[in-house]
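Chemist: Below, each chain spelled out in residue letters.
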Amino acid sequence: MSDLPILGATERPSAWKMLRAMVGIGLLCGLFIVAVYQTTLPAIERNKAEALQRAIFQVLPDAKSSMTFRLDGNGRFALLIDGEAEDRLVYAGYDHERELIGLAVEARGMGYQDVITVIYGYSFAADAIVGIRVLASKETPGLGDRIETDETFLKNFEKLDVTLAEDRSAPANPIEAVKHGRKEHPWQVDGITGATISSVAIADILRDSSAFWVPRIRARLDDFRQEEAP
Amino acid sequence: MKQPTTGTDEFVKGLWKENPVFIQVLGMCPVLAVSNTARNALAMGLATLFVLVMSNTVVSLLRNFIPKQVRIATYILIIATFVTVVEYVIQAISLELHKALGAFISLIVVNCLILGRAEAFASKNTLGRSILDGLGMGLGFVLALFCLGAVREVLGSGSLFGLSLFHDGFQNWVVMILPSGGFFTLAGWLLLFNWLKQRRGGEVAG
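In order, the protein sequence lines correspond to chains X and Y.
With this note's numbering, you'll find the first sequence wraps up at 1139, consecutive numbering, no jumps.
With this note's numbering, you'll find the second sequence wraps up at 193, consecutive numbering, no jumps.
One chain only, chain X, in its complex shape (with noise of 0.2 angstroms):
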């Protein structure tokens, strides 16, 4: 037998070196993200902000000024100051007068491919959603993303009702979705052949946040009119 190397043939690392090489990358390649979230954060905070007040005006058209309020322990809502609190927030509208004129809400719910967080306004004079601004999706291009285009679609959300039951506990028809063409009635949403489970999805959470904030805010208006608006 010939002691000639087999041509073609490689020299086979140790277990050792592969794992040295994985690691270490690794490592470093962790370190190297967390560096850079924790420098981009400031900035990528406050464009979310500058993001969130320019929807609240969007859901809001008549708004002038709006003000944050929490939800507390005892279905209170209390004026945010520091703005430190993350969740359970609404955020009251004002108009030129500094009447309370409506709320926009976040809510946000499974998807498609994932959560999808939107904005919506919510007007006592219509006692209906009156607009909804989707602050983040990751929903298919082309498709389920024209939850955010599709003017047909955003049409449901000019007056959808969401008036209260007689016992005030829950809104009398809850927000469905019924198939392209087949909406009826006024808290049904209208939704996207090609698009169907974002569409639903939408309604979805549209109707559990309803179901939700809906009751509260109005078994607690003065919470809001007690505070003197900016």
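Note that these hints are calculated values from the structure, not bench results.
Heads up, the beta-carbon is just placed ideally off N, CA and C, and yes, glycines get one too.
Don't take every hint at face value.
As the list claims (entries may be wrong) - Derived pair list, reagent style DSSO-like, types lysine-lysine, alpha-carbon separation capped at 27 angstroms:
#	chain 1	residue 1	chain 2	residue 2
1	X	K926	Y	K55
2	X	K957	X	K1088
3	Y	K0	Y	K86
4	X	K1068	X	K1047
5	Y	K4	Y	K86
6	Y	K184	Y	K4
7	Y	K4	X	K1047
8	X	K926	X	K957
9	Y	K184	Y	K0
10	X	K957	X	K973
11	X	K1088	X	K1047
12	X	K957	X	K1047
13	X	K957	Y	K86
14	X	K1068	X	K1092
15	X	K1064	Y	K86
16	Y	K111	X	K926
17	X	K1068	X	K973
18	X	K973	Y	K86
Unchecked claim - Quick partial rundown of chain X residues pointing at chain Y, CB under 7 angstroms, derived from the structure:
#	residue
19	M927
20	A930
21	M931
22	C938
23	I942
24	V945
25	Y946
26	T949
27	I953
28	N956
29	A958
30	A960
31	R963
Put chain Y on the given structure of chain X with help from the hints.
Modeler: Just chain Y now, with coordinates in the frame of chain X:
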């Protein structure tokens, strides 16, 4: 094919002779999806350029440290790191831009152009050549995306970088900003590039 020998050749080849979009037809997903406006196209192109140059740099630097058996997993890790960095930076610059580019920023990880250059070039060449290769290929990608984005925005929206170009009477070709417009525009550019290539080949032969 004659191998490029100088640094200039490494840089220039990606711009024209081996353009990743018009010649190699690589990375079609973002090319078709995010080229509906010149701004989106440029942003996606620059994000890809950054990831390509950085991944080429790191892969070339570590080429003797990474065993062949785990190279693909390691390259993906390096590429994914720079894509994550780009995602944070874009969010810090503009949330609107981040939203417009959507899931396609994350999808840079699986852009075959980037993994292809890491595997085919950076893992076998010196740092300087790898950076020049990444810059050339990346700029070629930016150029191609801009070519598509500019045509689609001008015809589809009557504007360029948001600035209106035509009188009120101009009827927008809405199809151009829809997905099908991406295919039409890409087909047009591919026709032009192939025609130029053939013409050049004919001249050389003549």
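Chemist: All the hints need checking, so say for each whether the structure fits it.
Modeler: Hint check results:
no.	hint	in the structure
1	K926(X) to K55(Y)	11 angstroms, holds
2	K957(X) to K1088(X)	34 angstroms, violated
3	K0(Y) to K86(Y)	33 angstroms, violated
4	K1068(X) to K1047(X)	26 angstroms, holds
5	K4(Y) to K86(Y)	34 angstroms, violated
6	K184(Y) to K4(Y)	9 angstroms, holds
7	K4(Y) to K1047(X)	36 angstroms, violated
8	K926(X) to K957(X)	44 angstroms, violated
9	K184(Y) to K0(Y)	14 angstroms, holds
10	K957(X) to K973(X)	20 angstroms, holds
11	K1088(X) to K1047(X)	22 angstroms, holds
12	K957(X) to K1047(X)	17 angstroms, holds
13	K957(X) to K86(Y)	12 angstroms, holds
14	K1068(X) to K1092(X)	13 angstroms, holds
15	K1064(X) to K86(Y)	22 angstroms, holds
16	K111(Y) to K926(X)	19 angstroms, holds
17	K1068(X) to K973(X)	20 angstroms, holds
18	K973(X) to K86(Y)	26 angstroms, holds
19	M927	5 angstroms, holds
20	A930	5 angstroms, holds
21	M931	6 angstroms, holds
22	C938	4 angstroms, holds
23	I942	5 angstroms, holds
24	V945	5 angstroms, holds
25	Y946	6 angstroms, holds
26	T949	4 angstroms, holds
27	I953	5 angstroms, holds
28	N956	5 angstroms, holds
29	A958	10 angstroms, violated
30	A960	5 angstroms, holds
31	R963	10 angstroms, violated
Hint compliance for this structure: hints 2, 3, 5, 7, 8, 29, 31 are not met, and every other hint is.
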